[in-house]
Each structure stands twice: as structure tokens, then as C-alpha cells.
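Got chain E; can you put chain Z on it based on the hints?
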Amino acid sequence: MKFHPVVFVLIAYGITAVIALCVTLIVKVIAFSVRRKESAPAGGAGPESKGGAAK
Amino acid sequence: MNPLELFQGIYTFFQTEPSIAFGRLLLVALGLLFIYLSYKKVLEALIMLPLGIGMIAVNGGLMVMEAGHVGTLFVNPMAGNFEELMYYLQIDFLQPIYTFMFSNGLIACLVFMGIGAITDIDILLARPGMSLFLAVFAEFGTIATLPIAMAMGLLPNEAAAIALVGGADGPMVLYGSLMMARNLFVPITVVAYVYLGVCYAGYPYLAKIVPKRLRAIEMNPRAIPQVSAGAKFAFCIATFTILCFLFPVAAPLFASFFVGLAVKEAGITKYTELLSGPILYGSTFFLGFTLGALLGVDIILDPVVLKLLVLGMVALTLSGLGGLIGGLVFRKMTKEPFNPLVGLAAVSCVPTTAKVAQKCAFAANKKCMILPYAMGPNVAGVITTAIITGVYISGLKFLGG
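Residue numbers (the numbering used here), protein chains in the order written: chain E, 1 to 55; chain Z, 56 to 456.
Next comes chain E alone, as it looks inside the complex (with noise of 0.2 angstroms):
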């Protein structure tokens, strides 16, 4: 198969800006599970803290 060149960079043109759209995903996923990692230890401080005063 044989494409004309103007077809064949917007083919291309077409394939970057999908795999520049998935790479902002994955930024967005690893930011995302970094924050719920962050927030998680913080929130389970709490109950623990509040069970050692308990004690």
C-alpha cells in the first residue's frame, strides 16, 4: 500500500496527536494515584492517633 504525502503526514500528524493525548493521560493517572497515595497514610493517621489517645 502506497499513500499520496499529503495523506501520509496527516495519517501521521493524526497518530502523534493521539499518542500526545495518551501520554497527557498517563500523566494525568500518575498524578492522580499519587495524590490518592498521598491522601491516604494522612487519612488513616487520624483513626490511629485518635485510638492511641484512647489507650
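Be aware that a few hints might be false.
[As the list claims (entries may be wrong)] The calculated lysine-lysine pairs, modelled on DSSO-like cross-linking and capped at a C-alpha distance of 27 angstroms, are:
1. 387/Z with 422/Z
2. 452/Z with 263/Z
3. 422/Z with 2/E
4. 422/Z with 96/Z
5. 267/Z with 414/Z
6. 267/Z with 410/Z
7. 28/E with 390/Z
8. 267/Z with 422/Z
9. 96/Z with 410/Z
10. 2/E with 362/Z
11. 28/E with 387/Z
12. 267/Z with 387/Z
[To be verified] Taking beta-carbon pairs under 10 angstroms as the criterion, some of the chain E residues facing chain Z (in silico):
13. 15
14. 25
15. 37
Since the hints were derived computationally from the structure, they do not count as laboratory data. C-beta: ideal position from N, C-alpha, C; glycine also.
Below, chain Z without anything else, positioned relative to chain E:
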């Protein structure tokens, strides 16, 4: 015996055709110009100074060799079979560097490792949407130049290689041209490096298409959220893995760039120092010097070089325009104050175009500080150019290349 034979560099002027003698003089003059402009900091001295010296040496130091033919003691890129290669490896002092570092793209990968180790990805991760949106726009030159080059009579592989100049990454152009158009990799890479050097002086004129009131828009650097080291490290590894699966042909480039980034983000100081110091500057020096020594008179006598000069300029201009248009579009889309000049930084050429964007913004408004924002699209530009390089190398067969 002709007394001039004592001074072989001059003697060989009379032993070759007038066009070759004139070409030699022209290249020596060009080498002197590069050295002068590097000294004056108009061109990137790190690469253009050794390149200029290499050009003078190889075009001045022509001598009559054993079999009566004219040559130099620098490098012979045309050495074909094993015996010939072994001969030149023992005679030409830059031949080992060319054979073991250029012809396999190693030097481009070493430069990329160093670039990775000095690249700051904080803004890219803090503002991924903006950074990659602008970077895609700023690839316009890389995309549009390919059909233009083919319309000008270049073969698909040559057209794809020169189009990569629009991505404004020297090592990427070197790697891409070695993979796709080995016969033209010297002029294409030299064109790329010369134009990238000229970007700093030329892009401010291009930036004037944006109205001054928009160029003067202030952005608050404190509004950029902090990114943890863990997130940056995870991003490096995840993106690198996916890109390697997608484009194995460009995997050496991805591996080089992301290993530099990963080492930096993992906090391995010794490796970071190694990659960002001796490896980056050592390979950049030999890249410039060997490129200069490869720029013999036979290169400029090739009529295709004139087309490459035009196409290189077209590619970088269109990429700059694309970045600025992307900046104007993004400004319409976002609610925050946004300076469209940030789009210019998406052309990549780390960190030159980011500095140009800041320079233009500062000229319009002395309180304007957009450099922290500009670094995001600047780094994103490296990633999008690497993707397009992978697409072009992998997809050449669909163009009949």
C-alpha cells in the same frame, strides 16, 4: 619538481577542477564565518565552533595521497568494504569516531542521554495538556515540509529526513537522517544545526505576528503546582515503555532520553553528573568537530544541498508559526491568563526557543515572566518530535521509500 608541492594544501588547488578549488575556498570562508559568529555568541558555540574548525581543516588540508588522488587525513565516510575501512581506521584520525559513533547513531544517543539528564519535566507534568497541545501544533513544520520536499523532487526518505529539521532537535535530525537518508545526513545535520543556531536571532521577528498586547500578558509562575519526584520517575518509565512498544526503530533515542531523565529523577547524582557533564559535552564536541570534517567540497557541489537549505528554513519557520498559532488557540480555550508566546517554545530546541519566548515577552512587558511555563511545551516538543521520527522511519514504506 614544483616548489608548491611542499605546501600541499595550496598545491592541490591547481591539481583539481576550478569548481572544486572555488568550493574549497567557499567552505573555508564559511568555516571562518561560523567561528566568528560562535565567538560573538550569535551561533551556538558548543557545536558551531568545532564545526567551523573542522570545515577549515578538511578543506584547507587537502593533499596528494598514495595513489595520486587528493584526500585528507581526517575521515572518509565512503569507506566501503572491510579492507578499505581498516585502512582508513589506521590513517584518518577521526575515522574511529565516525565509524563507531556516527554511522550507528551512537553520538546522537549520547547527546540525548545528556539532554535527558539536564531536562526539567516539572512543568510538563504540572501542565501536560497545555504542553502537549502546543507541542503538537509546533510540529506543523515537520509535517508540512515532507510533501513540499517531495514536490521539489526529493525522494521520500530524503524528504522525511529534511522535514525532521522542523522538530528542531539536532540529535534527532542526525539520527533520523542516518536511518532514512544516509547519503544526505551530513548536509541535513549541518543545515539543522546552523538553522537551530539562527533560531535565537530569527524567531523574535516571527513572534511579532502576535499582537503586542497579547505578547505582554503576564502569567503567574506561582500558580504552577508542585510535582513529586515519584510522579516524575513513574512518568519517565511509563512513557518510555509505551513508546518503545510503538516505535522500536526509534527505541535507541527513547531509551537514551528517558534513561537520562530517569537517572536524574531517581536522584543518582553520580550518573547525572556523568551524563550531563562529560558525556553530553564530550559527544557534542566530537559531533561538531566530526561534522565539520565531513563537510568537504563534494558535499556543497551536490545540487540537492540548495534545496535542503530552503527546506530547512521552511520547516523551522512553519514550526514556529504552528507553535504561535497553537498559543493563540490555547489562549482562547483557557480561562487563565495565557501568553501565546509560550507556543513558540513548543518548537523544542531545548532550551533556546523557551529563552526566545521569554526574551520576546520581556521586550513587550518588563514584568512578564513566562519562562517557567515555556519549559513544559519545550520538553513536550522533544517527545512529539521523537514520535514523528518514529512514525516517519517506520512508515517510509507507505511512501514508497
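- Task: For the pair we were handed, residue 28/E and residue 387/Z, check the Cα-Cα distance against 27 angstroms.
- Result: holds (23 angstroms)
- Item | Residue hint residue 37/E, partner chain Z, criterion CB-CB below 10 angstroms | Since chain Z brings a Cβ to about 8 angstroms from residue 37/E, closer than 10 angstroms, the hint holds.
- Between residue 28/E and residue 390/Z, does the CA-CA distance stay at or below 27 angstroms? holds (20 angstroms)
- Query: Does residue 25/E meet its interface restraint, that is, does its C-beta lie within less than 10 angstroms of any C-beta in chain Z?
  - Reply: holds (9 angstroms)
- Message: Please verify whether residue 2/E and residue 362/Z have alpha carbons no more than 27 angstroms apart.
- Response: Holds: residue 2/E and residue 362/Z sit about 25 angstroms apart, inside 27 angstroms.
- Restraint check for residue 422/Z with residue 2/E, where alpha carbons must lie at most 27 angstroms apart: violated (53 angstroms)
- Is residue 267/Z close enough to residue 410/Z, meaning Cα to Cα at most 27 angstroms? Answer holds: residue 267/Z to residue 410/Z is near 18 angstroms, not above 27 angstroms.
- Message: Min Cβ distance, residue 15/E to chain Z: is it shorter than 10 angstroms?
- Response: Where the cut-off is 10 angstroms and the nearest Cβ of chain Z is about 5 angstroms from residue 15/E, the hint holds.
- Under the criterion that the straight-line Cα-Cα distance not exceed 27 angstroms, is the pair residue 267/Z, residue 422/Z satisfied? holds (14 angstroms)
- Agreement of residue 387/Z and residue 422/Z with the hint, judged by alpha carbon distance not exceeding 27 angstroms: Holds. Residue 387/Z to residue 422/Z sits at ~22 angstroms (cutoff 27 angstroms).
- Is the straight-line distance between the alpha-carbon of residue 96/Z and that of residue 410/Z 27 angstroms or less? holds (14 angstroms)
- Item | residue 422/Z paired with residue 96/Z [C-alpha distance capped at 27 angstroms] | At roughly 26 angstroms apart (the allowed maximum being 27 angstroms), residue 96/Z and residue 422/Z satisfy the hint.
Consistency note: the structure conflicts with the earlier hints numbered 2, 3.
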